[in-house]
Amino acid sequence: MEWIKDNAELLRLGLGMISALVWLAYLQILYMGFVRQRQAVIMISHGAAEDERARCIISNMATEPIYVIAILARLTIGEKTYEASVIDREELNLDTMEDPIKRTNQGPLKSGEYMDIGSFRDLIYRARQKTEIPDGEPVKEIEITVGAASGHASKLVVARRKFERCVDENDDVHFIPTTILTKQIRGHWNQRKLLRQLHYSD
1 MEWIKDNAEL LRLGLGMISA LVWLAYLQIL YMGFVRQRQA VIMISHGAAE
51 DERARCIISN MATEPIYVIA ILARLTIGEK TYEASVIDRE ELNLDTMEDP
101 IKRTNQGPLK SGEYMDIGSF RDLIYRARQK TEIPDGEPVK EIEITVGAAS
151 GHASKLVVAR RKFERCVDEN DDVHFIPTTI LTKQIRGHWN QRKLLRQLHY
201 SD
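The numbers in this note's numbering rise by one with no breaks, and the one at position 92 of the sequence shown is 92.
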């Protein structure tokens, strides 16, 4: 007890420092949770059919809205790859559409909303229209990259997912995702690099 009395000031200082460190750690955990909650997450999936008619779907899993500004398809055919922008629905006739804006997939997505960007057959068709892909050559893989703006258009969001061509016993073509989840492209430099690719593939 005598030692405690003699060192009371030092003990108070030590306890104060420990308390401050605990609070700093707690605030850091809260901040990291807040950042993760606000971090944009784009999911790229497929559904509604089992073959080439399967729809490619983009979902906004973030708490804030995003604005889709670019969609890139990278096709692997043989030993070569071909890249093209597939954000516009080239398979639709612009002259016969009542609402021309529906010919593009560019636009906003609220939190929890999704967008059907077309079937895999449609995506391949659009890419073929913009590249010198040899006729009749089957697509081995198709990688979809989505670029969007979030955070009041101040942040870049990039996500991508690869689908592999498979043929079943009935000779039906399927595009199966090679990963369980969509890859989120983090890092300012990587996002800028990919968005430059998206832009120049128009």
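Derived by calculation from the structure, the hints in this document are not laboratory data.
Misleading hints may appear alongside valid ones.
[Stated by the list, open to error] Capping the alpha-carbon separation at 20 angstroms, the derived lysine to any residue pairs in SDA-like fashion look like this: (1) Lys130 to Glu91; (2) Lys155 to Glu91; (3) Lys155 to Gly112; (4) Lys80 to Val41; (5) Lys110 to Val41; (6) Lys102 to Lys80.
Predicted model only: the values in this text are computed from it and were never measured.
Hint-by-hint comparison with the structure:
no. : hint             : in the structure
1   : Lys130 to Glu91  : 12 angstroms, holds
2   : Lys155 to Glu91  : 31 angstroms, violated
3   : Lys155 to Gly112 : 19 angstroms, holds
4   : Lys80 to Val41   : 30 angstroms, violated
5   : Lys110 to Val41  : 12 angstroms, holds
6   : Lys102 to Lys80  : 32 angstroms, violated
Against the hints set out earlier in the document, violations occur for numbers 2, 4, 6.
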